[in-house]
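Asker: Please build the complex by placing chain H on the supplied structure of chain Y, with the hints as guidance.
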Amino acid sequence: MTKRLTRWLAAFLTLATLTLTLAGCWDDIPLDRRTLVLGMGFYPGPTPDMVTVYFSFPTPTGLTSSNGAGSGGGGGGSSPQFSSVSGTGYSLSQAFSQAQAKVGRDLYLGHTVLLVFSTKLPAQQFKLLDNAIDRIGTLDKTPFVAATSAPWDTVVSVKMVQEEFPALYYEELFSCPRCTQFALGTRLWQTSTRLGKSGVDLVLPQLSPTPQGPKVDQVAVYRDYQYVGTWDHRQTTDYALAAGKSRKSSLTFPDHWHATFDAVADKMQLSASARDHQVYAVVTLHVTQTLVTLDTTKENAQQLSVLSRASSQQIADRVLKILELSQKQNVDVLGVGRQLSWTNPTEFYRFKNWHEEYPHVHWTVHCIVRINKMGDTK
Amino acid sequence: MSSQQLPRISAGQFATMVTAGYTGLGIFYFPRDVVSFAGRAGIYGLWLDGLVALGLMRLTFRLSRVVPSETFSGFAPELLSQPVGYFFDAFMVAYHVALAASATVLISMVLGNIFLPSTPIWAIDGCLTATSAYMAWAGVAGLARTLQASYLPLLILSTLSISLAATSITHPELLVPSAHVAIVPLLEGSYRQFMIFLGFQASTTLYPFIREGDRVKAERYSMFGLIGIVVAMTFQYEVIMGVFGPEMVSTLRWPLASAYRIISLSGFFISKLGTLLIVLWTIVVAGFLSIRLWCAAHDLSSLMRKMRPVPYGWALGLMAAASFGFALLFPNAKVADLFNERWLVPVGLGYLVVAPLTVLGVASLRRQRVLHLRTLAERGKEYRSP
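Heads up: the protein sequence lines correspond to chains Y and H, in order. Our numbering applies: residue 349 is where the first sequence begins, and numbers increase by one. Our numbering applies: residue 10 is where the second sequence begins, and numbers increase by one.
In short, the hints are calculated from the structure, not lab data. Among the hints, a few may not be true.
[Claimed, not checked] Dumping the calculated DSS-like pairs for lysine-lysine here, alpha-carbon to alpha-carbon at most 27 Å:
no.	chain 1	residue 1	chain 2	residue 2
1	Y	596	Y	563
2	H	315	Y	351
3	H	343	Y	475
4	Y	676	Y	468
5	Y	669	Y	596
6	Y	676	Y	700
[As the list claims (entries may be wrong)] Derived CB-CB ranges, DEER-like:
no.	chain 1	residue 1	chain 2	residue 2	range
7	Y	704	H	337	46 to 54 Å
8	Y	360	H	244	37 to 45 Å
9	H	260	Y	704	17 to 25 Å
We put the beta carbon where it would ideally sit given N, CA and C, even for glycine.
So that you can see chain Y by itself, here it is in the shape it has in the complex:
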C-alpha cells in the first residue's frame, strides 16, 4: 500500500510540476495587453552617439476596423488607425525602454514586418543597431529592411492609394517581386548576409513618401555600414538589370522601328577570378523581354535579330555603366569580393582591404536576350 501511495505521489508531483511549468505563465500576456509593433524606424539621436527609434503600431480602432486598415490617419482624426512612439538612447534597448515607458501595454516586436533605417544614421550607430536587432529574441529574421531620407512621421503617415497600414503596404509590396518593376525587397536575414561582411556591400530600397503616395523606385547604397548615396530611378533600373532583379522594366529603341519591350526580367550569374593581382568579374545576364510595339505591323526574323543585338548591347552598356559608378563610389553591390572568396579564397585573402581592390576590378558583361514576340502574346 505504501509503495503504491509513493508511486501515486510521485506521479502527482511530476504532473503538477509539468502542468505548472509547461503552462508558460511567465510569458503569457493577453493580446489586449500587447501593442503589436508593425514597423520600426531608426534615426540619429540628438547627439552623434545616440539613436532614436520609432515604433509604429495599429491602435485598437485600427485593429478592429472592418477592413483591418487605416488610410494614413496616423496622427489626426478622432480615432487614429495607427500610432507611433519613440525612444532615444545610447543603445537600442535604452531607446526601447524609453518608448515602452510611454505606453501602458507590452510593446511586442514579434509581428514587426518593416525596419527602416535613416540614411542620416552614422555608420557606428548602424553597426550597433544591426548587432542589437540580431539579439531581439522575439523578432525573427523575416521583416523587410529599407532606407529613407524622410522623417518617420512622413514615412508612416504617407497617403496610401490602397487602404492599408503603411508597414503592411510595404510588406506586401516587397513580398511580391513579380508585382513590381524591381525585386528590391530585402529581408533582415538578407541584410545580415551583406552587412559587415568583407567582399560585399549593402543595397537597400529607399522609401520616398510623396504627396501622391509612397514611392519605392530608388536604392540606397552603403559601404560597410556607411551610407554612400542614393541612386536615382534610372540608375536603380540599371542596378536591377545588373543584379538580376529587374522584373517589369521597359526598353525602347527609337532608331529601330520604334520598338518597345516591356516585362524585361533577368537573372544574373557572377563569376570572379584573380590573375596577377588583377580581379576579373564576369556578369552573365539572361534576359527575357516582350516586344509590345513596332512601327511595322509585323516583325520579321531580320528585325528580331537586329533588336536582339541592340537590346543586348543596350543592357550590357547600362549594366557596365552602373558597375563603373559603383567602382567610383567603391561599393561592391554585386559581391564580387565575396564570390572570389568562395571560389578562390587564397587569392581573396591576399587582399588586405577589399575596398582598395574593388575600384580596379575588370568587368565583362555577357547579355543573352530572349524575346517574346508579339505573335507569342497576341
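Answerer: Chain H alone, transformed into the frame defined by chain Y:
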C-alpha cells in the same frame, strides 16, 4: 531475475534509442564550428566525424558483444577488476549527467532567448528534466516506444520544414563543396563538431535489452541510423550554407534556428515557421535527456549494487535532480559550449576509444572469465534490471 525476463526491445527500437542518444547535443550550433574553421570545405569535417563515429560505434558494439546479456556497467567490475570497473561505472554516470545538463542548458537558452524571454531559465530546465524523467520512468520498453512514436514524425517534419528554407537558397554554387581544403582547420572544426555524435555509448547499457537473435540486426540498424543522421545533417548543412554563405554561418549563434526563422509562408495559417523549431528541438532534446537519465540511473544501480541497492525509480529521480542541479550552475550557453568543447568532447572521445580497447584487450587475455560472466549473465544471477 533471469535474462529471459528482462524487458525487451526490438532491433528498430534499439537503433532509435541509440540514434536519439547522440543527436541532442550538437544540433544547436551545427554547422557553425566546421564552417568557422574550414569555410566551404566544412562538409568534409562532418563526413569525417561521421566516419569516426561509425568506427567507434562498431568498436562499442564489439565491447557489448563480450558479455552480450549484461550491461557494460554490470560486467566491467567483474572483468576489469573492481577499481577499474567501478571507475568506468562512475565515469559513465557522471558523463551521462554532464551530457544531460549541458543539453538542457543549451536548449533552455535558445527557448528562453527566442521564445520565452520572461520565463526563468530554471523553469525551462526543470520542465525539460521532469519531462525526460517522466519519459524514462516506465523503463526501457516504454521509453523505446515513446521515442519510436515521436522520431518518425520528427524526421518527416524536419525534412519538410528545412526544405522550405531551401527555397531561399540564393547561392547554389555554395552547394558544391570547396576544392580548397586546409587540413589543420578542417580537423579543428571536425573535432569541435564531433559533439553531434557524443552519446552513442548508451548502447553499452541498452545492448542486453535487445531481443535474442536481433542483436546483429540492431547493430546494423544503428549504423544505418548513423548514416541517415549524416545524410540529414548534410542536407541541413547544404541548405544553411546555400542560404547564408560561409561568412554569415560563422557569425550565427544558432544557424539551424536562423534557417527556420527565415521561413515566411504567406497564406498559410502559421506564417512564420520559426516556432516549429521549439517543437522539433524539444522532442530531440527530451529524447536525448531521457536516454541519458535512463542510462545514468541504470549505471548507478549497477554501481551501488554491492554496497546498497538503489531501486530504479529512486536512481532516476536522483539523476534527474543531479542533472537539473548541474544545469543551474551554467550561467549561459557560452559556458556550456566551452564546457562541451574542453571537457565533454575530449573526454567522450577518449572514453569511446579507451573503454572498448581495454575491455577487448582484457577479454582476449581472460577468456575463461568472459565465458563465466556470459553464463552468469544468461542465468541472470548478477543482473537486476529496471
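Asker: Against the earlier hints, flag every one the structure doesn't satisfy and list their numbers going up.
Answerer: none
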